[in-house]
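The listed protein sequences correspond, in order, to chains A, B and C.
Be aware that the first sequence starts at 1, since it is given in our numbering, and climbs by one per residue.
Be aware that the second sequence starts at 1001, since it is given in our numbering, and climbs by one per residue.
Be aware that the third sequence starts at 2001, since it is given in our numbering, and climbs by one per residue.
Hints listed in this document are in silico derivations from the structure and should not be mistaken for laboratory results.
A couple of the hints might just be wrong.
Said to hold, decoys possible - From the derived model, a few chain C residues whose C-beta atoms are all more than 12 Å from chain B:
hint	residue
1	2032
2	2034
3	2036
4	2051
5	2101
6	2143
7	2175
Stated by the list, open to error - No farther apart than 25 Å at their CA atoms in a straight line, the calculated lysine to any residue pairs in the SDA-like style are these:
hint	chain 1	residue 1	chain 2	residue 2
8	A	203	A	32
9	A	64	B	1121
10	A	20	C	2145
Glycine is no exception: its CB is placed at the ideal position from the N, C-alpha and C atoms.
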Amino acid sequence: MSLDTETVLTVSGLTVELPKGTDRRHAIEEIDLHVGQREILCLVGESGSGKSVTAHSVMGLLPKDQLTAVAGSIRLEGEELRQATEDRLRDLRCTRMSMIFQEPMTALNPVMSCGRQIDEVLQTHTSLDQPARTAKILDIMEQVHLPDPRRLFSSYPHQLSGGQRQRIMIAMALVLDPVLLIADEPTTALDVTTQAQILQLIKDLQERHDTGVLFITHDFGVVAEIADRVAVMQWGRIVEQGTTEQVLKRPDHPYTKMLISSVPSLVPRHRETRRAEPVVLRTEELAMTYSQGGMFQSKRSVVAAQDVNIEIRRGETLGIVGESGSGKTTVARCIARLIDPTGGRIYIDDDEIARVSVGQMRSHRRRIQIVFQDPYRSLNPRRMVGASIIEGPMNFGQSRDAAVARARELMGLVQLDPDALDRYPHQFSGGQRQRLCIARALAMEPELLIADEAVSALDVSVQAQVMDLLDDIRIQLDLAMLFITHDLRVAAQVCDRLAVMSAGKVVEYGDAAEIFANPSHEYTRALFSVAPGRDWTFGEFLTD
Amino acid sequence: MRRLAATIPVLGMVALFVFLMLRMTPGDPAAVLAGDNGTPQQIAEIRETLGLDEPILVQLGIWFGDLLQGDLGQSYFFKKDVTELILLRVEPTVALAITTLVITVLVAVPIGVIAAYRHGTWLDRCVMGFSVFGFSVPVFVVGYILIYLFAMQFKMFPVQGYKELADGFWPFIHRLILPSITLSVIYIALIARITRASVLEVLGEDYIRTAYAKGLPNRVVLLRHALRNAAVPIVTVIGIGVALLISGVVVTESVYNIPGLGRLTVDAVLGRDYPTIQAVILVFSGVYVLINLLIDLTYSFLDPRIRY
Amino acid sequence: MSDLSELRQQTAGLVDAAASADAAARKLSIWQRLARNQSVVIGGAVMAVMLLVAIMAPFLGTMDPAEINPAWRNKVPGTELTDTAADGSQGWVYRMGTDTLGRDTYSRVIYGTRVSLIVGLSVAGLSIAIGLVVGLISGYVRWLDGIIMRVMDGLMAIPGILLAIALVSLSSAGLDTVILAITIPEVPRVVRLVRSIVLSIREEPYVEAAISVGTRLPLLLIRHVLPNTVAPLIVMGTYIVASAILVEAILSFLGVGIPPEIPTWGNIMAEGRLLFRIFPHNILFPGLFLAVTVLAVNMLGDGLRDTLDPRLEKRM
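Assemble the whole structure, with the sequences as input and the hints as a guide.
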């Protein structure tokens, strides 16, 4: 449908050089792509693939001293941008081409009211007078469905939610009706519900204003939702390009195939039930209330979790899913006793650990281990990874030799080279570090393993491997696992049972397969109904 | 309001230190207070008024009580009420501090912003070089070099001395220029540095990229977006730098022979005049804390996220 | 299912390999990076020379810095001594002139280096040691934190030089008193730095991981928290050396520091003040030494900061 319309953006042979001394010469190499009127082109790839560099090149926003375009051309409505002067580019920005960014929290100036930030665009690029500008701003704020535009006009960004801020960004970008909108992961930092709304908004506005959109994402669910055409990037090159239908259903390039097949399915895997095994973890009325304030301040308290009753049997994975602020991580941290719960009881086997003192807790520590979200901060950068792995067992009296021998075994188990124990964390990639963290946890021979968003920071291909690894380990070692995630796809693949949390409470709790098939609580239903790409089955081509 | 409440314990703590300082030293505080040429009668008198035979907590109470009434005690060295003594010396010091502050802000903020904007160029390196230099050359050396050059060689300014504002504006300001420049060197170094660092940090923020993506000219991005957001740390350091200013005042007034609070401090120390030393410390610290309180209160104008 | 996982293994291996190569490529050793930093090299070299001067003072063509020669008062630099000095030597050249008592300024400046460096290094050592202990306690023992921080706020509210002057004036002046008096105002800054590091490090997942594997508090501090304070404290220590040298000079200059017969840069200048209009050399030479030394230490500090931890710029 796009080929017969006019092209707004044509990029051909674009190559951007990296500064000397980096491991590869080009950030992007010979990029060819085009975006037509009313068309959404999704540029998809994993981190470091060069998709953001491509977007910033078009806007002329590359950091000057680090990245330079050395070859190729960028044409916006036929006008060559690579040779354009800085003044010309400035004139084009927000009038013919606009850009919105990933982090709505930081992309707006915190000390300027939202209305004024949009007004700046009009002041710079038009000669409208104040009342005309205000009218235009209120109109665009209406169009992006911001509630009560007059009030938000004089509000500051911190008074708005993430979704509202992204709407302000979109209003700012579209107020002058540009022909091209570049969206750099605009929904990645948002919860699924908000994400769905923003995606819908971009689609609506783009159709109404005939805007061409270059949409950058790493998420194939989003691609499936929004794209007309897709370009897949790997290591600075476009490896495959075509209509959404083509690329998602009949990918050609092996990398594309691998990426798509790594997208976890929303249909839960079939798993045998474990109802006969003994219960490893049980919580009763677990509650956590944070209170702030001191001597001179009035106390404010925030209920992060309440009335949480869950149990996990040996060999079973319980998933806690929910959006940010739902309290899922608080529950995990309470169970690991990294924070002290303010109410309720936690039983490991039959030992109550919610109220024991720090000293008594120490003897229970080895029974519960946790793997965190951020692989780059989970290992002490100054210590060799081997030292991190044997730290725990040696704390409990194991000899160094025995601990090292065990660490070597574990390295094998997590599919890493046992000889790599004397390397430092920076010598490992994110996925490898996450494996090291798993090895460190397993060295304690825990009964319960908590994975707190443990695969969320990883690229989709690596994510799939770590998920598989966790599942293998659970089966091999007959572990109980508590899996915290915001990602329904991940949850569908690793969890036997599911607890859905919202606003600190468990709203639905039961077998994962059952919940995915027949969500009973309205929140769960709402959550499932907005999961991006829910109507697609990824990786069908493999079984064809 | 919360901020106001937080300064009270700080001031209390300062007063406590000043009180303890004297009591913790070995020897008879009354004898120490009377100074080197105190008569036995004076010592007995002091003992009486301070209640030195009472338990230490009672003494503290008496001392605090006097303090709250604005009674800073008697100087046995200058033979005067300390409060009166201080009031006599306030004008030169305030004049010197204000001119220094004005010079500093007018010079330091612009060069800091330029250095940040031209990050990595020779201009930036010059500003940073000056900044390290300003930190390293002691105030009095700067003072004497300036006197040597501009007062003795070029005869542009009087060498030393002070004229009150009441004697006319020109003589007043003419004698303040060299001392203020002297005093502002280290302060400029500090503020230029923090301005550069803060603006540089803000320039890396996402909303600066947004501002560029809107097609705003560089000047607007730099001033309206970057400097506005860097204002809080800059203003904070201007406040913290007042401590530097106070320390500098003590030295500068000695170099230029200005009869202000700084000179009073040095004279008091040389004369072992403890009531005056205590009082000067209290006054300077009080002013310092209050200035920083005022600065904290301006935050809510500079940054809408901060509310009290 | 099998070809799916095979596919994954092939391509994903590549992804990981590329990422780890990238991580390895950007690591140079600390020493290499320090050696490449101009400020570190220049500042360090000047400091090394100063240290050498301090140690070798008696062998650098100096005479007794305290020796008074009334016949040769207020001589300009370069004046030659023609009669016999107390130690019997002849043909002495007053390279930097003499002061109002006829002491050799050159010898006094050279010996002054000793005092300045001793003061700078001891103040830095002492304040870091005290600050580290207090800061760790404050960061880890929550109930003490409030009290400690109030005391520190109180100390910080008194401008440093004033506090030092007051402390010196209370007891008899001497090197040890001066060192102590300069140390006390520096301590709160160290405490705050250490505390802020401790508070941010204890939130790090790797520290929480260490807690979950049952590492006890003392080990936790030594293994995971203390190493993070080393770089900032080295940098801060360097700055403290610079500021302590300056403060000592100021105290001596004002006449409230180390007793005037001991040759320190500040004392020489204090002595030279009176006749500055006629004989500026007694201020200029020690002033030059002082400025160069402090400049070198500050450059070293900046260089160390940029190499070890650039984020410290706004913390100090």
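Tell me, which hint numbers fail for this structure? Number 10 only.
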